[in-house]
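Order-wise, the sequence lines are chains A and B. Each residue of the first sequence is one higher than the last, beginning at 972 in our numbering. Each residue of the second sequence is one higher than the last, beginning at 583 in our numbering.
Read the hints as simulated data drawn from the structure, not as lab findings. The beta-carbon is built from N, C-alpha and C at its ideal position, and this holds for glycine as well. Be careful, since some hints might not be right.
[Unchecked claim] Which chain B residues stay away from chain A? Per the calculated CB distances, all over 12 Å, these:
| no. | residue |
| --- | --- |
| 1 | 604 |
| 2 | 612 |
| 3 | 632 |
| 4 | 687 |
[What the hints assert, rightly or not] 20 Å max Cα-Cα, derived SDA-like pairs, lysine to any residue:
| no. | chain 1 | residue 1 | chain 2 | residue 2 |
| --- | --- | --- | --- | --- |
| 5 | B | 643 | A | 1066 |
| 6 | B | 643 | A | 1043 |
| 7 | B | 643 | B | 598 |
| 8 | B | 664 | B | 618 |
| 9 | B | 643 | A | 1014 |
| 10 | B | 643 | A | 1082 |
| 11 | B | 643 | B | 622 |
| 12 | B | 643 | A | 1053 |
| 13 | B | 664 | B | 598 |
| 14 | A | 979 | A | 1095 |
| 15 | A | 979 | B | 592 |
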Amino acid sequence: MATFPALKPNNRSLSLGDYPQQEYVGTNGVSIRFLYNSVQRTEQTLTLEYRSLPESDINAIYNHYETQQGSLIPFALPAAVWAGYSSVPISVLDYEWRYAGPLSITPTVPGRFSVTVELESNILP
Amino acid sequence: MDTFPALVPNSRVFTTGDVPRTLTVALDGNTYAYRQGSRRVNQTLELSFVCLTETQMNLIKNHYFSCKGTFDIFFLSAEIWKDYVTPPIPLLSDYAWRYLDTPTITDDAVDRFTVEVALQTIPIDTGDLVFDAGAAGSSPQRTYILDAGAAAASPARDYTISPPGAL
């Protein structure tokens, strides 16, 4: 499993996902809910924004994306991605990550590039 | 049932919802409305907390986890309705709250975070049955204390729903 490049993002947005459940709502608004997993969450997303990276760093991300065959193969995140947190909010023991979509690489100034990376969590078996 | 963390939001949008009803338009153009429940549904509250410390952010994150995401219900603390003399939804009433969507945590500056939270009311005194299929239950898994809006020493209603055969 190739770990994501150890680059600190310029912006970061974490969405906490939800516990798998099914809800049935009656016509009077009262609902019945069934919880299917009380321990692990699904659909956690992490959006990382990198601004003005040199080409070598952009290539590190791009090569990693290729190695993981796009959104196919899950991977671990390095501590650098969580820089600013005193404790990592999503445990590496419970979850790994996959690319949620293609990379969008934009040139900013000559030799510098910005990229937005969208990741989705994967429950570790 | 954990109360939502006592944090004052930076912005707050309350949507009043509507009474559950069906509208039918007759051939002559008259509209007939049929009410299907006595209490409003789809009342939502969007809260934004700006520049929280990591400790404060973790209060919300851990509360979301303890509620099993959007699954479980809870009541709000008075700080959420700060500036209201009378909160539009009483703190202890026959409406509880649950997360409408997953909270979003965004970095503000070093060690500061913005958290966006969306909540929805749940009418709870007419059979809001919650099945927790993942755990054995020797004690009630849900206890709703409803006593005409006031705190009660003993629950007025207990709903105990356990996996098949556990009771």
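Hints, one by one, checked against the model:
no.	hint	result
1	604	violated, 8 Å
2	612	holds, 22 Å
3	632	holds, 14 Å
4	687	violated, 4 Å
5	B:643 to A:1066	holds, 16 Å
6	B:643 to A:1043	violated, 29 Å
7	B:643 to B:598	violated, 26 Å
8	B:664 to B:618	violated, 33 Å
9	B:643 to A:1014	holds, 15 Å
10	B:643 to A:1082	violated, 39 Å
11	B:643 to B:622	violated, 28 Å
12	B:643 to A:1053	holds, 16 Å
13	B:664 to B:598	holds, 18 Å
14	A:979 to A:1095	violated, 24 Å
15	A:979 to B:592	violated, 28 Å
In this structure, the hints that do not hold are numbers 1, 4, 6, 7, 8, 10, 11, 14 and 15, in rising order.
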